[in-house]
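Taken in sequence, the protein lines are chains A and B.
Our numbering numbers the first residue of the first sequence as 422 and each following residue consecutively.
Our numbering numbers the first residue of the second sequence as 422 and each following residue consecutively.
Please note that a few of the clues may not be correct.
The list treats identical chains as interchangeable, and a pair is accepted whether it falls inside one copy or across any two copies.
Said to hold, decoys possible - Pairs of lysine-lysine residues, derived as DSS-like cross-links and limited to a Cα-Cα distance of at most 27 Å, are as follows:
id : residue 1 : residue 2
1  : K527      : K501
2  : K527      : K494
3  : K462      : K527
4  : K562      : K699
5  : K462      : K501
6  : K462      : K586
7  : K475      : K465
8  : K658      : K504
9  : K465      : K588
10 : K611      : K469
11 : K531      : K588
12 : K586      : K469
These aren't lab readings, by the way, just hints derived from the structure by calculation.
Number of protein chains: 2
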Amino acid sequence: MIADKLYEEAVKHQGVCVGLDTLEAYFPNYLIEQDAGIDEKLWKFNQKVIDATKDEVACYKVQIACYEAYGLKGLQAYSKTLKYIRDNGKIVIADVKRGDIFSTAKQYAKAHFTGDFEADYITVNTYMGEDAISPYYDYIKNQNKGLFALVKTSNPSGVDLQDVKTKDGKRVYQQMAQKVNEWGSSFRGKCGFSAIGAVVGLTYAEEFENIREDLSHTFLLIPGYGAQGGTGEDIAKIFKKGLCGVVNSSRAIISAHKGIDESENFAQCALDSVIKMKEDIGQWL
Amino acid sequence: MIADKLYEEAVKHQGVCVGLDTLEAYFPNYLIEQDAGIDEKLWKFNQKVIDATKDEVACYKVQIACYEAYGLKGLQAYSKTLKYIRDNGKIVIADVKRGDIFSTAKQYAKAHFTGDFEADYITVNTYMGEDAISPYYDYIKNQNKGLFALVKTSNPSGVDLQDVKTKDGKRVYQQMAQKVNEWGSSFRGKCGFSAIGAVVGLTYAEEFENIREDLSHTFLLIPGYGAQGGTGEDIAKIFKKGLCGVVNSSRAIISAHKGIDESENFAQCALDSVIKMKEDIGQWL
Numbered sequence: 422m423i424a425d426k427l428y429e430e431a432v433k434h435q436g437v438c439v440g441l442d443t444l445e446a447y448f449p450n451y452l453i454e455q456d457a458g459i460d461e462k463l464w465k466f467n468q469k470v471i472d473a474t475k476d477e478v479a480c481y482k483v484q485i486a487c488y489e490a491y492g493l494k495g496l497q498a499y500s501k502t503l504k505y506i507r508d509n510g511k512i513v514i515a516d517v518k519r520g521d522i523f524s525t526a527k528q529y530a531k532a533h534f535t536g537d538f539e540a541d542y543i544t545v546n547t548y549m550g551e552d553a554i555s556p557y558y559d560y561i562k563n564q565n566k567g568l569f570a571l572v573k574t575s576n577p578s579g580v581d582l583q584d585v586k587t588k589d590g591k592r593v594y595q596q597m598a599q600k601v602n603e604w605g606s607s608f609r610g611k612c613g614f615s616a617i618g619a620v621v622g623l624t625y626a627e628e629f630e631n632i633r634e635d636l637s638h639t640f641l642l643i644p645g646y647g648a649q650g651g652t653g654e655d656i657a658k659i660f661k662k663g664l665c666g667v668v669n670s671s672r673a674i675i676s677a678h679k680g681i682d683e684s685e686n687f688a689q690c691a692l693d694s695v696i697k698m699k700e701d702i703g704q705w706l
Numbered sequence: 422m423i424a425d426k427l428y429e430e431a432v433k434h435q436g437v438c439v440g441l442d443t444l445e446a447y448f449p450n451y452l453i454e455q456d457a458g459i460d461e462k463l464w465k466f467n468q469k470v471i472d473a474t475k476d477e478v479a480c481y482k483v484q485i486a487c488y489e490a491y492g493l494k495g496l497q498a499y500s501k502t503l504k505y506i507r508d509n510g511k512i513v514i515a516d517v518k519r520g521d522i523f524s525t526a527k528q529y530a531k532a533h534f535t536g537d538f539e540a541d542y543i544t545v546n547t548y549m550g551e552d553a554i555s556p557y558y559d560y561i562k563n564q565n566k567g568l569f570a571l572v573k574t575s576n577p578s579g580v581d582l583q584d585v586k587t588k589d590g591k592r593v594y595q596q597m598a599q600k601v602n603e604w605g606s607s608f609r610g611k612c613g614f615s616a617i618g619a620v621v622g623l624t625y626a627e628e629f630e631n632i633r634e635d636l637s638h639t640f641l642l643i644p645g646y647g648a649q650g651g652t653g654e655d656i657a658k659i660f661k662k663g664l665c666g667v668v669n670s671s672r673a674i675i676s677a678h679k680g681i682d683e684s685e686n687f688a689q690c691a692l693d694s695v696i697k698m699k700e701d702i703g704q705w706l
């Protein structure tokens, strides 16, 4: 059960998840100067970061959009990155936020839980309801896979729809939280959490109280730490009843070297940032 | 302005949009027997369908999930298919339903409006609010691109979230409809419709009255015709004040040959289905 493995890794590493939202702008100078294609450069960059950090993190989250932006070559690098993380025995969350009707979601499940783009977890958008995730259930049961469904996102306009009040005085995101918890109830591991988790943005740590009970068996993927403004103290509010998720930081880790170390040893800066993040979160646990 | 071109094509062809949700199960026997990779087979299948139908349809919608499911090879076929449609002067809607925070949506915009995966329109999921589409605005203004945002989907569990009642007695999907119309107000063409359109499922033709006014300047992408149960009469209800969208049919068109013509002339069956669909819709216009 993937939820147990992720929980265990999270406890061991203060919930730290490194986001490989790799952009050309983050490349160290030595890599920029190399005579290689974008596929090769994206891949080499990620490989260095993974090698440097893999013994210190709970998991990786790879943002597919950063690779799709480079077309087929970008997706070659994406494929190699996922495979490398898994070959190193680490958990990879593919941040794909797919969501569609049943027959299409079946294709997405095949796409991201088998073959070139196989991940351990994927993020999903369930605006379309349970049909958007039920095709994944077989993979959860039989292939040791997991999901994180969007509940409350950390971006400014997340409120446009998610914060609309419903007639029983709740918010749309609370409705979503309840649904996600309900869908996940058949997939709970020994740790008590389901393999169907929820994405809950860190910039809303206070508001998390509104959905804490609804998500009592739902493991969280928490974006927003670091470059997006979230702190260890915010995490402490979410973790006050115990560790219940992984905390993603991307830019603050994978661009930490810029202007400091532009050599092929750049990934040492990523490791330093990971250690700092672990200490920041660890002090509250 | 892409909205004007799509409107014009829709008027000319009774709004018919062919969905290239291509699956191996639809391959005619002659193609199954060919000694070629899946990339080649997907591409050849689509090419035949496009060649046969392109003079009779308003546009094509390509469901990326069907290609992602075959990994990198599938996406090669996807890329070639989009390029071929555009090279033939036809409009292609990439059904990708992407949606993410601003910085990530910027990457998706680059991914699907430039390079290997360039489309004219893409579908987007705006559960995350305006941030999820504002990075596309530059492409709409300067590169002749357009969007269709999910409002009301045609799948059974679409109601899970979309039909939740809000405190002012409306439904979540109505809130989404208003937002989409508002976001689109700066991008209206001569035809009166915006380049930011909405996906509204055909199985909810009656309910469309709840959002008709909210979407008065919003062009529609209407899935659900044919294999999903929607009829020309349903379309008539939506079009009663004039044509206001394109109507997608996939399986009923691209698998029409199965058991009837398994030769390399199979795509004639697709054309026949298109003609039938045009007559079915045309009688109500």
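Now the hints, each set against the structure:
Within a single copy, K527 and K501 get their C-alpha atoms as close as 23 Å, and across copies as close as 23 Å, so both meet the 27 Å cut-off. Taking the shortest Cα distances, K527 and K494 sit within 27 Å of each other both inside one copy (25 Å) and across copies (18 Å). Taking identical chains as interchangeable, the C-alpha atoms of K462 and K527 lie at most 27 Å apart only when they sit on different chains, with a minimum of 21 Å there against 32 Å within one chain. In this assembly of identical chains, K562 and K699 lie within 27 Å of each other by CA distance neither inside one copy nor across copies; the values are 32 Å within and 44 Å between.
For the identical chains of this complex, K462 and K501 are neighbours both inside a copy (12 Å) and across copies (25 Å), given an alpha-carbon limit of 27 Å. In this assembly of identical chains, the alpha carbons of K462 and K586 never lie at most 27 Å apart, being 46 Å within a copy and 49 Å across copies at closest. Within a single copy, K475 and K465 get their C-alpha atoms as close as 15 Å, which meets the 27 Å cut-off; across copies the closest is 43 Å, which misses it. In this homomeric assembly, K658 and K504 never come within 27 Å of each other (Cα to Cα): the closest approach is 34 Å inside a single copy and 50 Å across copies.
Proximity of K465 to K588 under the C-alpha cut-off of 27 Å is found in neither arrangement, the shortest distances being 52 Å within a copy and 52 Å between copies. In this homomeric assembly, K611 and K469 never come within 27 Å of each other (Cα to Cα): the closest approach is 34 Å inside a single copy and 52 Å across copies. Taking the shortest alpha-carbon separations for K531 and K588, neither the intra-copy value of 38 Å nor the inter-copy value of 39 Å comes in at or below 27 Å. Proximity of K586 to K469 under the C-alpha cut-off of 27 Å is found in neither arrangement, the shortest distances being 46 Å within a copy and 50 Å between copies.
Going down the numbered hints, you'll see the structure goes against 4, 6, 8, 9, 10, 11, 12, while the others check out.
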